[in-house]
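Participant: Sequence:
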Amino acid sequence: MMDIKNGYFLVKFQNKLDWEKALPEGPWIIFGQYLTVQPWTLAFDPTQAYPSVVMAWIRFPGLPGYLYNHKIITEIGEMVGKVVKLDMNTDSRTRGRFARLAVYVDLEKPLVSHILINGRKQNVEYESLSTICFHCGRYGHVENSCPFKNSETPSEKENTPSEMALEFQNTTKVDAEKEHRNFGPWMIVEKKSRRKIRDNAQNPLNDQQLGKEGSRFRALNNKDMYKEDFEGFFARY
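The number in our numbering is simply the position in the sequence shown, starting from 1, with 559 added.
Because the hints were derived from the structure by calculation, they are not lab data. Predicted model, so just to flag it, every value in this text is computed and none were measured. Just to be clear, a hint being listed does not mean it is correct.
Simulated crosslink set (BS3-like; lysine-lysine; CA at most 30 angstroms straight-line) [claimed, not checked]:
#: 1; residue 1: K680; residue 2: K708
#: 2; residue 1: K630; residue 2: K668
#: 3; residue 1: K571; residue 2: K644
#: 4; residue 1: K641; residue 2: K668
Use the sequences and the hints to build the structure in full.
Facilitator: What follows is the structure in C-alpha cells.
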C-alpha cells in the first residue's frame, strides 16, 4: 500500500481473489466513513478533485412485505441511483423492518429523500452519510451553513414585511413548512450504541443498601463495566 496525494492510496494485491473481493464487494465503511475502491487506470490523476460519485448503502424503512423480492427491490432502488448490489439478507427478511441496497449516488447533487411506490411515499435512508443539508439535500454541509440558500435581492428587501408581521407569519406557518419539507433527519440512519445501559447509573445504590458484602462486589462490577466499554469500542468499527 502506498500513500499518495489528496487522500488516495495505491494498493497492489498479491492475490487475484483478494482483488476481486475488495473491488466489487463494497461499499466499505471504515471508522464511519466510506472507503471508495476503484481500479487503477492510466488516466488516473491524484491531483484532481476527489470523485463525487460514490457507492453508498441505502435503506427503505417500512417497505411492505409483498415488495421483498430481488427484482422488485432492484427496480425500486433504480429510482435513487444505479443499483450495484442488494443485501442478501433482505430477501429472507432477516433484516426485519427495511430493505438494504448499495447504489451509486452523486454527492454534488441533492440526494433522493423519498420516492413514490404505487402512490405511497417511501422514505430513503443513507448509511454513514451523517452530514446532509436539510435545505438543499446535498452532502457535506449542514442547513445553517448552506451555500444554496436564496439571498434576498434589493427589491425583496424593500417589500419585506414588518418584524411583527414576520413573527406572526413564522409562528403560524412553521409547522406546515416542516411537514412539507423535501429533506429531513429521516434521511440519516441512526447509529445504535452497542453499550448497555448501566443499572447502577440509573439506580444508584449507597453503601447501606449494598451492605458490607455488597460493597465487596462493587469493585468486580466496576471491572466488568470497564471491560464492557473496552469491548464496545472495538465493536463499533
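Participant: If a hint holds in the structure, say so; if it does not, say that too.
Facilitator: Right, here's what the structure says about each hint:
For the given pair, K680 sits about 26 angstroms from K708 by alpha-carbon distance, which is consistent with the 30 angstroms threshold. Straight-line distance between C-alpha atoms of K630 and K668 comes to about 27 angstroms, which keeps the hinted pair within the 30 angstroms bound. A C-alpha spacing of about 25 angstroms is found between K571 and K644, which places the hinted pair at or below 30 angstroms, so the restraint holds. In summary, the hint linking K641 to K668 is supported, as the alpha carbons are separated by about 15 angstroms, within the 30 angstroms threshold.
Hint compliance for this structure: no hint is broken.
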